[in-house]
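Asker: If you want the building blocks of each chain, they are given just below.
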Amino acid sequence: MKKQHGVLMWFASLGVLAALVGLWQLAAHLELVSPVFFPAPLRSFESLWDQMGTADFWLAFRETLTRMVLGFVTASVAGVALGAAIGLSPRLRAYVEPTLELIRPLPASAMIPVFVLLIGLNDRMIVTAIAFSSLWPVLLNTVHGFKTIEPRLLEVARILHLSRLEMVWKIALPNALPDIFAGLRLALTVSLILAVVAEMLAGTIGLGQNITLAARSFRSADLYAGIIVLGAVGYVSNILLQRAEQHLLRWRTP
Amino acid sequence: MARVFKGVLFPAAVLVFWEFAARSGLLKAESLSSPIAIFRAAVGVVVDGSLFKAALETFGGAVGGLVVGATAGILVGVAFGLSRHLSQLMRVSTEALRPIPSVALIPLALLIHGYGFKMESSIVAFSCFWPLLIITESAVRGIEPRLLEVARMLNFSLRERVTKIVLPAALPRIFVGLRLAAAVSLVVAVTVEITANPMGLGYALIVAQESMRPDRVFAFIGWIGLIGWALNASLLRAQQRWFGRMGNWAEQSS
Amino acid sequence: MSQATSPVLSVTGLDFTVGSLNILNDISLTVHEKEFVCIVGASGCGKTTLLRLMGGLLSPTQGQVLYRGRAIDGPDPELAVVFQDYGRALLPWRTVAGNVELALEARRVPKNERAPIIRDMLERVGLAERADAYPIQLSGGMQQRLQIARCMAQAPQVLLMDEPFGALDAMTRQTLQDEVARLCADAGVTVVFITHDLEEAIYLGDRVISMDKHPGRLSETLTIDLERPRDQLTTREDARFLAYRHRLFNLLPPGH
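Chains as they are written, first to last, in our numbering: chain A, 1 to 254; chain B, 1 to 254; chain C, 1 to 256.
The hints are simulated quantities; they were obtained by calculation from the structure and are not laboratory data. Do not take every clue at face value.
[Unchecked claim] Straight-line Cα separation of at most 16 Å, EDC-like style, residue types lysine to aspartate or glutamate; simulated pairs: (1) Lys6/B - Glu97/A; (2) Lys34/C - Asp85/C; (3) Lys6/B - Glu101/A; (4) Lys213/C - Asp15/C; (5) Lys34/C - Asp206/C; (6) Lys34/C - Asp186/C.
One chain only, chain A, in its complex shape (with noise of 0.2 Å):
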């Protein structure tokens, strides 16, 4: 009885978006809302539509998207090994953490004109600051996963004479999936900023190229397009990683 509610109302709340969006499409066709700032939905879908078949919309999906995914996998990647290896030492993390707290609240974007510096504005430059800004969520979230482990487990481990190997793979690790993946849910949303800020930077094909030189142009239905299509990606990415840390954290929901 409640999940029929529960969807019965999901598509109550479908219902107001569609009337919302249709309120629109009437402000916009009895041109009580400028066209240019903000056109009819009607032809922001259709200029979603005719871009999805061009090979251009596709290129610069790919373009953006690989660069994203780049950056995110690396920074992930290493941001797990080194919080792993600074949260379970704490000799180490007596070194290095006050620096760790002095750069958390760094704007990950701030970065940028210093690789543009180093690198110039290219691709490598992009991937390469969105790994770098994208490290950080996840190193200072694994560290804070792997520093506090249940002691009482840390007994056990002791107890049964675990190796150190076996006790950071059967104890540790599995205790900081949740803060991991706490930290790979904002590295996921910098990568995504940072891809689109750093594409409008260097000017290079991308879906945050696209935009720009919409709003440019006055396309405006272009724009919104180009808008739904980042938000897409945004979403789509989003529940994908939700859906991995679901999986891997069934043990969680009773």
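Put chains B and C on the given structure of chain A with help from the hints.
Answerer: Chains B and C in isolation, oriented as in the chain A frame:
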């Protein structure tokens, strides 16, 4: 004492190595500068007033957006928190809008407002809206039901219920959300400036990069980090002072 | 009554001091093969500390702990520890079976030999039906049973139990008391059992040792001369049981 020493040792060693590497030509000083040059630049931007001017501009954009976005987020959050039906009906709409990366809206904001303060604060507002919506809704839902029963017993109107019971009860957690949003507002403002808006600390970074002045780039990055840290630290202190006495509602200190 | 008399675990002149606080003072104790020794004392008298010292989780300030004649220098799977906060000693990301398997992995039991042992352990504690459940889905009593099963899977010589039923309700406690008594008798393990519950100590033990506090010191030893297997109703009404209870009650400070 030893703890402070250990914490300082690592960054100090890095700085010393950096300085040495820059001087000996190991590192490209044209791209990465050296700690001493950066320090001089950091002092320089204070002295020549450019830091103050840029910081003021960034603060303007950040605060302007924070006030609008946070207020909207709190109001909608209260509404969603009090009415489960409303929240459920708006579920799909919020889930559709939330994944849009704020940077994807930059070209749109540019289109509508052109360069300047309004464009930046509208992006900041969008970014601050969501965390406050989520946190406020959760805070309102989590209000001690007994208090709401008291409100009903005293025959409070909706406005009285919200102002005398709901908001005060949810305030500590809302404040935590505000702290988060403040940090977000700073980060987003700087990001917008780096990407598109020719004003503020982010733009100062771009100018420094384009004039091939890595010392100024790092100097501004350092100042941005310091400002962000100081902002968060003072808000944290305010939180502890105002809400500390009333018992531990607002939880983590991060 | 204990069967053999060879000492399994002995503690001589044990002292444990932290900073200026002397927690345990001159503790000497010998536990014999297959004995079930209960240590009772008020909260804060140091019984948990004593147990952790016996399990090698702590090092004494003075004196030693001897396991089968050799001084121990750390924890060992043969000295299994059943913790009071059972929830924290279980791996939440492994199933019930997976938690028991951990002990077998530690013993380097080959993979293909594990399943029957796990099933046997779970059946002994009555958790065979929940083998695929996660700890979070179990009640407190079941979680404690799981911990006991994991400890038994270590094939221990000694079972050190730290107020294992302290966090459970009275009915569950009684059920588990009988289960543990049966389990340990069947497996032939030596047991050191810490509790603040006088009746539990008398009910379960072959010997009950009372402990003073500030600093922790062993005072009297009661040898329990009651037949096994014991029964929740009849044993507890036995005149001897009541006599032991009186003795212990007078030994321990009021309001503990």
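Asker: None of the hints should be skipped; say for each whether it holds.
Answerer: Taking the hints in turn, this is what the structure says about them:
Between the alpha carbons of Lys6/B and Glu97/A the distance comes to roughly 10 Å, so the proposed pair stays at or under 16 Å and holds. Under the criterion of a C-alpha separation no larger than 16 Å, the hint pairing Lys34/C with Asp85/C is inconsistent with the structure, at around 25 Å. Between the alpha carbons of Lys6/B and Glu101/A the distance comes to roughly 14 Å, so the proposed pair stays at or under 16 Å and holds. Restraint check for Lys213/C and Asp15/C: the C-alpha separation of about 13 Å stays at or below 16 Å, so the hint holds.
Of the supplied pair hints, the one linking Lys34/C and Asp206/C holds, its CA atoms being roughly 10 Å apart against a limit of 16 Å. A C-alpha spacing of about 10 Å is found between Lys34/C and Asp186/C, which places the hinted pair at or below 16 Å, so the restraint holds.
Checked against the numbered hints given earlier, this structure breaks only hint 2.
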